[in-house]
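Colleague: As a plain string of letters, each chain reads:
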Amino acid sequence: MDSFGQLFQYVLSGLSNGAIYALIGFGFAIIYNSTGIINFAQGEFVMLGGMLTVFFLAVFKLPLAAAIILAIIISTIVGVSFERLAIRPLKNASPLSLIIITIGASIFMRGAAMLIWGKDTYALPAFSGSDPLYIAGATILPQHLWILGVTVLIIIGSRIFFNYSIAGKAMRACSYNPLAAGLVGINVKNMVMLSFAISSAIGSMAGIIIAPLTMTSYDVGIMLGLKGFCAVIIGGMSSGLGTLMGGLLLGLLESLGAGFISASYKDAIAFIILLLILFIRPEGLFSKKETERF
Amino acid sequence: MLRLNGVTKVFGGLTALEDVSFSVTGESITGVIGPNGAGKTTLFNIVTGLYTQTSGEVYLGGKNISFFNTESLAGLGLVRTFQNVELFGQMTVLENVMVGLHTGSKSGIFSCAFKLPRQIKEEKYIRKMSLEWLEFTGMADHADMKAGNLPFGKGRLLEISRALAAKPRVILMDEPAAGLNSRETTELALLIRKIRKTGITIVLVEHDMDLVMDICDSIVVLNLGKKLAQGTPREIQENPSVIAAYLGEG
Amino acid sequence: MITEKKRQIFIFLIFTAAVLSAPFFLKGNYLLNVLVFVGINTMLAVALNLLLGYAGQISLGHAAFFGMGAYISGIITARFPVDPFLVMILAALCSGALAFVIGFPILKLKGHYLAMATLGFGIIMYIIFNETVELTGGPSGLSGIPSLHIGSLIFDNDLNNYYLVWTFTLAVMLLSINLSQSRIGRALRAIHDSEVAARVMGVNARILKVQIFTVSAVISAVAGSLYAHIMTFIAPASFGFNFSVELLTMVVVGGLGSIYGSFLGAAILTMLPELLRVFQNLDIVIYGLMLILMTMFMPGGLISGIGAIAEFVAARIRKRKDDHAQA
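Residue numbers (the working numbering), protein chains in the order written: chain A, 1 to 294; chain B, 295 to 544; chain C, 545 to 871.
Watch out, some of these pointers could steer you wrong.
To be verified - In silico DSS-like links for lysine-lysine, alpha-carbon gap of 30 Å or less:
(1) B/LYS488 - B/LYS422
(2) C/LYS549 - B/LYS440
(3) B/LYS440 - C/LYS654
(4) B/LYS357 - C/LYS652
(5) C/LYS549 - B/LYS400
(6) B/LYS400 - B/LYS415
Stated by the list, open to error - Here are the in silico distance ranges between beta carbons for each label pair:
(7) A/ARG84 - C/TYR574: 39 to 45 Å
(8) C/THR547 - B/ILE537: 27 to 33 Å
(9) B/GLY493 - A/LEU90: 55 to 61 Å
None of these hints come from the bench; they were simulated from the model. Cβ atoms here follow ideal geometry from the backbone N, Cα and C, with glycine treated the same way.
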C-alpha cells in the first residue's frame, strides 16, 4: 500500500471510530443538558446494544434487523428503569453521590453482562456483507459506510428533534432552566426520562454499528464510554455539531497517532488529549465560554 | 479604611457596575442600598476577589487589593458573610467558628498529623477563642449542634461569629437581615453596633430600610450599576434622585 | 466525665489491641493471610478517604499511585541489592512529586470533570505499566521482588507480614485521625461543604487540595511498596480501573469521612471474594449494587449505620433506666 493509501486508511478508520465516539458523546450531552449529570453508565448502553443483538441472533435466531430493533428497545428500557429507580429519587443529592451512583450502575451492568454472557468476545455479522471496496488505495468496508451513514442520520434526526419538535424544544428549555420550564407547564420529570431514553437508544445504536468491526464483549463499555466522554469534552457539551467535531477529531488523532507514533499507546492518546483539554479549555474547543454567577 | 475607585464590571453584554467610587471610614457602619439588580452583590464579590473588576481599584486600609485573590484577604483583615448563608453544614457550630481562626493559626499537615506540642497548644487556643466568639453573639449554647440543623436566623449569627473569629478590620455583610423576623432584626442591629464598638468597620448591603436608616452612619445608593448618592441617612432620605430611583423603578 | 477526646483515644487503643492480638486467635489460619491484605487495603482506603471524604475531591485513578509505589520498589529491588526500605522512601517521594505536579491542574477541575480526569490519569498510568515491558515486564508481570527485612528478621510469612503491614496501617490511621480533627482537617471539610466560604475565611483551597492529594499519593505508594515485597510478584492488572473502583467502593461503603469506616469497608471488600468463592463472578455485580444502595439509603456508610444502631440502643437503655427509676 502506498503511503497516501495508508494515510487514507488511517483517516478512514479514524473517522469511523470518531463517528462512534461522537454518538456516544451525544448520549452524554443529552443527559447532561437536561439534568446536569454525567452518566458514567453511558458506555454500558453501548455494550448492551452489541451484546443484546448478538444474544438475540444467536439464541433466538432472529433475523438481524429484528435483533437490532429488539436490542435497542431493551437498552432503552434499561436506561429508563435506571433513571426511575436510581436517579429520580436522588434529584437533590450531592454531585458526589450522583457520580458514585452512576459509577455503581455502570459496574452493575457490566457485572450482570459478565454473569449472563461470560467474558468471551463476540462478533456481529456485518450488515451488508464484508466485501470491501477499494478507493484511492484504501480498503473501505461496507460497515464503514453504515457507520457514517447512521451517524449522519442520527445527527440530522436529533437536529430536527431538538430544534423543530415540541418535545425537543421542551427538553432544551429544561436544560437552560428547569424551574422556569416547570412553571410554563413542561413536565420536567418526563423530559428527564426522555433524555435517558434517547441517550440509551443512541448509545446502543452506536454499539451495534461498531460491533461488526471491533467485536463486542462485556467490558467494551468502559473504554468506549470514556472516549465518548472525551469527544464531548473536546467538542463541548452544548452544541450537537461540536460533539460531532470533537468525536471525529478524536478518532482522527487517535488513528493517526497509532499509525505514525505507536500502536500500543493508542488508548493513551485519547486520555492525554482529554487531560490537556480539561486543563486548558474545559468548555471544549467548539463552544463559547460560560460565565458563572454566584 | 475601604475605598473603591472607578470600579467597573462588564459581563459580556451586561454592565453590572459602572465607575463606582466611594470611601468607607474606619469603625463606621456603612450601608449599600439600591433596587434589585443595582449591582450590590457584584460589588461585594469584586471587593472580596471572587470576581475581577473590568477596571478600577479597591484599597483596604490604603493598600491596593484590586488583584489579590480571595484567600489572602482574610489575613489582611477583610471578611464577608453571604446572602444565602454559606455554612459548613456537616461541621458543628463550634467547628465552623474554628475555621474562622484559620488565618489566626498556622499548624500545617505535618504538625497536625503528628500532634506536635505547638499544635496541641494552638488547638486549645483556637477552641477557647471560638467559644468566646460564640458567647459574644449569644450562640454558645449551640456549640455542638450540627451547623446544617440550625434554624435560619441562628445560621446567620453563626456566619457572623465565624467572620468575627478572623479578627477582621472590615466585615462585609450581604443582606444580613434577609429572612429575619422583626425581633431577630432588632437583635441583629444591637449585635452590629456591638461589633462596631470593638473597632471593626462594617459595610452592609441591605433591603431592610428601617435597619439601614437606624444603624448606618453613612449610606451609599447604587442604581443600575452606578453610584447615585452617598451621605447620612437623613441626606439620603431627602435626596430626590434616590426617591425617584426607588419609586420610579420598573 | 468522659470527654470526647478520651473516648477517641480509648477507641483507638481497643482497636490497636484487637489488631495486635488477632494473630494469637488465628494461629496458622488462612484468615491471617487475608488480614494482611485487609491491612494494605485499609491504608489505601484511608488515603482515598482523606481526599474524597474530607476534602470532597473524587479520584477514580488512585490505583495508579498504588501501582507506582509497587513498580518503583519492585523494579529497583528486583535488580539491585539496595535496602528495600530506602527504595520505599524513594517510591513514596516519586509518587508524591507526581501527585504534586499534576495536582495543580487536575484539582482545578470539579465534580464530573475531576472524576473523568483522574480516571484518564489512572488509565494512562495503567497503559504505561503495561507497555514499558523492559522495565515492568508488561502484562505478564514482574517477579523476583525480594522480601523486606530488618536485620535478620525477614518478612516472608503471614505472621511477620501481618505485623509489618498493620504497623504501617495503624500509624496511617492514627495520623489521619489526628489530621481530621485539627485545623487542617477542618479546613478540608470546609472546602468540601462550601469552598467559597472556606476561601473567604482564608483557606487556600487550591494549595490545600494539592497537599492532601500528595499525602494521599504518598500513603498509596507506601502501600504499593509493601504489597510488592509481600507478593514478590506484581502485574498491571492489579493497578487498573477495576481496583480504583474497588477502593472507591470501600470508602463509600465504610463511610466517607470516617477513618474506621475505611477499615470496615476495606475489611468487607477484601473478605467478600473469599466468602463468595463459590460465586466468583458475582463480585462486580455486588460492588455495583453496594455503591448504588449505600449511596441511596445509607450515604454515611456502614459506620453511620452502626452509629445509628448504637445511638438507638443507648437511647433504649436510657429509657429503660428512666422507667426503672420511676417505678
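Colleague: So, for every hint listed, does it hold in this structure?
Modeller: Cross-check of the supplied hints:
Distance hint between B/LYS488 and B/LYS422 is fulfilled; the C-alpha atoms sit about 20 Å from each other, no more than 30 Å. Simply put, C/LYS549 and B/LYS440 have alpha-carbon atoms about 18 Å apart, close enough for the 30 Å limit, and the pair holds. The suggested pairing of B/LYS440 with C/LYS654 holds, with an alpha-carbon distance near 26 Å, which does not exceed 30 Å. Using a Cα cut-off of 30 Å, the hinted pair B/LYS357 and C/LYS652 holds, with the two alpha carbons roughly 29 Å apart.
Taking the CA atoms of C/LYS549 and B/LYS400, the gap is near 22 Å; set against the 30 Å cutoff, the hint holds. With a C-alpha separation of about 12 Å, the suggested pairing of B/LYS400 with B/LYS415 holds against the 30 Å cut-off. Between A/ARG84 and C/TYR574 the CB atoms are about 44 Å apart, so this pair conforms to the stated range of 39 to 45 Å. A hinted range of 27 to 33 Å is violated for the C-beta pair C/THR547 and B/ILE537, which are about 60 Å apart.
Between B/GLY493 and A/LEU90 the Cβ separation comes to about 48 Å, which falls outside the hinted range of 55 to 61 Å.
Consistency with the previously given hints fails for numbers 8 and 9, ordered from lowest to highest.
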